[in-house]
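Here's the letter readout for the chains.
There are 2 protein chains.
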Amino acid sequence: MTSARLFSFVGADHGPWQVINSPYVRGEPMAAVTHINRLAGESKPNNATWVLRGVTSNERYVESEEKKLLIAKQEPLGRPASDCAAMILIRKNETWWKLSQNERRHILETQSKHIAIGLRYLPQIARALHHCRDLEEEQPFDFVTWFEFAAPDAQAFSELVLELRASEEWNFVEREIDFRMKRSL
Amino acid sequence: MTSARLFSFVGADHGPWQVINSPYVRGEPMAAVTHINRLAGESKPNNATWVLRGVTSNERYVESEEKKLLIAKQEPLGRPASDCAAMILIRKNETWWKLSQNERRHILETQSKHIAIGLRYLPQIARALHHCRDLEEEQPFDFVTWFEFAAPDAQAFSELVLELRASEEWNFVEREIDFRMKRSL
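Read top to bottom, the protein sequences are chains B and C.
Per the numbering used here, the first sequence runs over residues 119 to 303.
Per the numbering used here, the second sequence runs over residues 119 to 303.
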């Protein structure tokens, strides 16, 4: 039985999303790929250079007022006008994972404004967060975040990422890879 | 690559822990077994009636002061004097999982005193919480909690469970099975 919340992220030499950047890397890099596919369920195509897995899950830091704002403003993945995508892979260090819930929330939101920053870019930037840390097979990253937006919003998306990357929270990020994509023709 | 945090819980007709109760059940019951084994890693013995899986993970609700108290007081599983064990399987309903982080924390601790109640029974009752919800294969429960204690503390353990079961938090529990065990001879 496969979870309906499980997604596979396949890096290969063809697929619906074409990588258009030389990915930003902090920590160990990954094998280069020209295309990426986000697939529901478990998937291991023969031609894959790598496959990552993650599950969409309950939110770990969002409080009730923030949740109302998010629900009111956010739009789903798969919008026809979204011809751009990004996939950001994050691994946080052991110090982060040993913090208590209130310490992590304090860094993430009180200091780093992670949720508030993301809210400013809604509804243009659609987003799905996938947790990898608690899967049965150990994964190279803790999170896969997948974003979709229209080409005119690509600059705003870059600013969003830079803002988060400059925050206190990112001091706990020990590995990050940032792929930018456009729809394959 | 198997996660070092993954555990398998095997119900079978022999094993290191002998079931000594007619398990308390809320919601759908499980096939009866006489013995249970908690094993590190992935395990699927041929004689298993069922196998559950879960991962130990970061804490989701414990705040810094509580964490200090827990670390100061708690003892590990596997103590030679612990000749009793319990395995409590919990599934919470969709309403719970749709709450925001602060709403869940409010119910779990402000209203239900889950962490404070558990602290009162340390160090006698050793405990390991395993998360099942985000595993690749969908699991029948959200949590497996494993407890170990010495026979003279069995009554205190029963009181701990009854206290939690009477709390507001348990209104969100839609399935629960509570196995009590002693070491097999």
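No lab work stands behind these hints: they were computed from the structure.
Be aware that one or more of the hints could be misleading.
For identical chains, the list gives no copy identity; a pair is met inside one copy or between any two copies.
[Said to hold, decoys possible] EDC-like mimics (lysine to aspartate or glutamate), calculated; alpha carbons at most 20 Å apart, straight line:
hint, residue 1, residue 2
1, LYS300, GLU281
2, LYS216, GLU287
3, LYS186, ASP271
4, LYS186, GLU221
Looking back at the numbered hints, which does the structure fail to meet, lowest number first? 1, 3
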